[in-house]
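So the chains spell out like this:
Protein chains: 2
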Amino acid sequence: EPTERGGYLFGRGVSDNKGNLLARLQAIEAYRATIGELPLRIRVLYEGEEESGSAHLAAFVARHGERLRADGCVWEAGYKDAAGRATISCGLKGIAYVDLQVRGAKKDAHSSLATIVPNPAWRLVWALATLKNAADEITIDGFMDLVRPPTAAERAVLEDLAFDEQGMLRIHGITRFVRDLHGYELKKKHFLEPTCTICGIVSGYTGAGSKTVLPAVASAKIDFRLVPDLTPDKVVSLLRAHLDRRGFDDVEVVPGHGESPSRWPIDSVAATAAVAACRSAYGSAPVVYPLLAGSGPMAQVCDTLNIPVAGFGSGNAASANHAPNENIAISDYVDHIRAFGRFLHAFSGRVLD
Amino acid sequence: EPTERGGYLFGRGVSDNKGNLLARLQAIEAYRATIGELPLRIRVLYEGEEESGSAHLAAFVARHGERLRADGCVWEAGYKDAAGRATISCGLKGIAYVDLQVRGAKKDAHSSLATIVPNPAWRLVWALATLKNAADEITIDGFMDLVRPPTAAERAVLEDLAFDEQGMLRIHGITRFVRDLHGYELKKKHFLEPTCTICGIVSGYTGAGSKTVLPAVASAKIDFRLVPDLTPDKVVSLLRAHLDRRGFDDVEVVPGHGESPSRWPIDSVAATAAVAACRSAYGSAPVVYPLLAGSGPMAQVCDTLNIPVAGFGSGNAASANHAPNENIAISDYVDHIRAFGRFLHAFSGRVLD
Chain A
1 EPTERGGYLF GRGVSDNKGN LLARLQAIEA YRATIGELPL RIRVLYEGEE ESGSAHLAAF
61 VARHGERLRA DGCVWEAGYK DAAGRATISC GLKGIAYVDL QVRGAKKDAH SSLATIVPNP
121 AWRLVWALAT LKNAADEITI DGFMDLVRPP TAAERAVLED LAFDEQGMLR IHGITRFVRD
181 LHGYELKKKH FLEPTCTICG IVSGYTGAGS KTVLPAVASA KIDFRLVPDL TPDKVVSLLR
241 AHLDRRGFDD VEVVPGHGES PSRWPIDSVA ATAAVAACRS AYGSAPVVYP LLAGSGPMAQ
301 VCDTLNIPVA GFGSGNAASA NHAPNENIAI SDYVDHIRAF GRFLHAFSGR VLD
Chain B
1 EPTERGGYLF GRGVSDNKGN LLARLQAIEA YRATIGELPL RIRVLYEGEE ESGSAHLAAF
61 VARHGERLRA DGCVWEAGYK DAAGRATISC GLKGIAYVDL QVRGAKKDAH SSLATIVPNP
121 AWRLVWALAT LKNAADEITI DGFMDLVRPP TAAERAVLED LAFDEQGMLR IHGITRFVRD
181 LHGYELKKKH FLEPTCTICG IVSGYTGAGS KTVLPAVASA KIDFRLVPDL TPDKVVSLLR
241 AHLDRRGFDD VEVVPGHGES PSRWPIDSVA ATAAVAACRS AYGSAPVVYP LLAGSGPMAQ
301 VCDTLNIPVA GFGSGNAASA NHAPNENIAI SDYVDHIRAF GRFLHAFSGR VLD
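First to last, the sequence lines map onto chains A and B. Okay, so the first sequence: first residue is 1 according to the numbering used here, each after it adds one. Okay, so the second sequence: first residue is 1 according to the numbering used here, each after it adds one.
Misleading hints may appear alongside valid ones.
[Said to hold, decoys possible] Derived Cβ-Cβ restraints for the label pairs, each shown as a range:
| hint | chain 1 | residue 1 | chain 2 | residue 2 | range |
| --- | --- | --- | --- | --- | --- |
| 1 | B | Gly207 | A | Ala33 | 42 to 50 Å |
| 2 | A | Asp141 | B | Gly283 | 57 to 65 Å |
| 3 | A | Asp141 | B | Arg176 | 37 to 45 Å |
| 4 | A | Pro255 | B | Gly283 | 51 to 59 Å |
| 5 | A | Ala162 | B | Gln101 | 35 to 43 Å |
| 6 | B | Gln166 | A | Gly207 | 28 to 36 Å |
| 7 | A | Gly173 | B | Val254 | 18 to 26 Å |
| 8 | B | Glu185 | A | Arg245 | 26 to 34 Å |
| 9 | B | Tyr184 | A | Lys106 | 20 to 28 Å |
| 10 | A | Lys106 | B | Val254 | 56 to 64 Å |
| 11 | B | Thr151 | A | Pro324 | 54 to 62 Å |
| 12 | A | Lys106 | B | Asp160 | 42 to 50 Å |
If you're looking for bench data, these hints aren't it; they were derived computationally from the structure. Just so you know, these numbers come straight off a predicted model, no measurement behind them. Just so it is clear, CB atoms sit at the ideal spot from N, CA and C, and this is done for glycine as well.
Produce the entire structure from the sequences given, and follow the hints as far as they go.
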């Protein structure tokens, strides 16, 4: 059950993304109750498999594409930045989630045998260390070759983009960013570059105290956030070839869910209407991101049907999606109702006062 | 509770080392019941902290050393090899157990932030990969410099040492040893070289399916098996300096239990009596190892009091110490009673028939 505390609502999925989904339905109700008939046709597509790869969405879109056609899409996610500014995002990174698994002896052995019996935990560590170096550069053969360098226009957008570095450091309790980056380079890495992340790793004894054991199995969960022209299939294929080339044929790659990246113009009709709606609702100009660094089935829907995207919502920079204490401010929830109602008005060509 | 199945006794500690400890008391009883007065004075030292570093044993030895003086020591551990031959061991490796711990953000974050928020799991993997390379060579600065090369005598012993490679491969369910070693090189690595073993590693999400999380903490448990002149203090000190030199000052080293290595002549009176006793009890010559690759508080007792060591016992090559299904053969238990009784006879200078 969600909990209200200090003006915030805490609960699993309250920011990602139950809050936004409900606020928008309430905005539609509010529009009808206060202004009258909706000025445009709204198609609502809510699906519940986003966090595990939306395995059934592509088939749904293929089957019902005609009923999903639209001139613009408001994506589910949206957040205030660390400085409290509303943001609008016009795309998502893709994702490729893989499990790496290594087996050694048929069961755990006494660690004195580590002299001669292979240790899958070491095999996994050595394999992982070839994927990304300590400068945080992804070193999988051919991987970075697929990353498009920023265009002059993208660079200009990022140069101008407001990004509250001190706020982000404070929220995450860290003293510096990866590579000690700042300014444009930090924004470029965050918005336009892929990731290779150990989301989890486990082998052997992990309890309190010590156990002198030689583990029989080791595994890691890795997620790659993808930018054009990386796709899940390409990543899995490059990863397998990279490991094989280095003798890590004992490291099994088990592909999990995947999504391709999706990018849309920051000056589409949808994005322009979102800017006007947020300015009116919040009383100040929103920050327009070229994309969110997260992932979702945007390509499955919007690339397939060619629908430009603008995303905005009720989250904040410390919403802690997927983590304990996920939250939204109740005032942000109400503001999102107001902003979404104004978006409907603006997107249909009406003037906001 | 222990379980008897197919001529074997299964239970925690049945091989390491309750079986041996009880068998020896029964051997003393049997000697008295069948032959008469013991031909020598026996001092029995059983302590229960061996698996966690025997933190109180050194003080006990310092206080009661006079009451522990002896001409020979039968160490607690002893095993048949993979070919079923009795073995005698005249030393132990030392051990240094450490926890490596890394902290990142103040709590787990959404993995899309991996672009800019440091990941302690990666920091740990990169740090670990500097400790040992994929050829299984320990690469900690100065570590291998402290390992004494084999003497000509040690080499001769190992050249002659019976070591059932096929049996070991079969028992552990592997197709080859580390570095694909065989023969003398395999035995040299197992008996005379140190180890650096990931006994456990954990970070982030390790359950079923996927979770796109950027972990806040990562940790690994490492055990080093030590040969002369490595000691626990030297290892911890070298490790800290090695990590600092490479910028891994964020990797905390938490020292756990430690033991120095202990080595004794394979032709001491104790070892010679053990060979005679095993030959008489088993009907064939035992294999004499320069040492067991495991660790224990041998230096705390025997180096302090200068007592030569011979270890033999009721374990087998698949006893699975510290693992599920730890076991001994009941016939090996009975044979150890017989061998230990004969050892008492031989060590006191009496002739075995």
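Hints versus structure:
{"no.": "1", "hint": "Gly207/B / Ala33/A: 42 to 50 Å", "result": "45 Å, holds"}
{"no.": "2", "hint": "Asp141/A / Gly283/B: 57 to 65 Å", "result": "60 Å, holds"}
{"no.": "3", "hint": "Asp141/A / Arg176/B: 37 to 45 Å", "result": "27 Å, violated"}
{"no.": "4", "hint": "Pro255/A / Gly283/B: 51 to 59 Å", "result": "58 Å, holds"}
{"no.": "5", "hint": "Ala162/A / Gln101/B: 35 to 43 Å", "result": "36 Å, holds"}
{"no.": "6", "hint": "Gln166/B / Gly207/A: 28 to 36 Å", "result": "35 Å, holds"}
{"no.": "7", "hint": "Gly173/A / Val254/B: 18 to 26 Å", "result": "21 Å, holds"}
{"no.": "8", "hint": "Glu185/B / Arg245/A: 26 to 34 Å", "result": "27 Å, holds"}
{"no.": "9", "hint": "Tyr184/B / Lys106/A: 20 to 28 Å", "result": "27 Å, holds"}
{"no.": "10", "hint": "Lys106/A / Val254/B: 56 to 64 Å", "result": "31 Å, violated"}
{"no.": "11", "hint": "Thr151/B / Pro324/A: 54 to 62 Å", "result": "58 Å, holds"}
{"no.": "12", "hint": "Lys106/A / Asp160/B: 42 to 50 Å", "result": "30 Å, violated"}
In this structure, the hints that do not hold are numbers 3, 10 and 12, in rising order.
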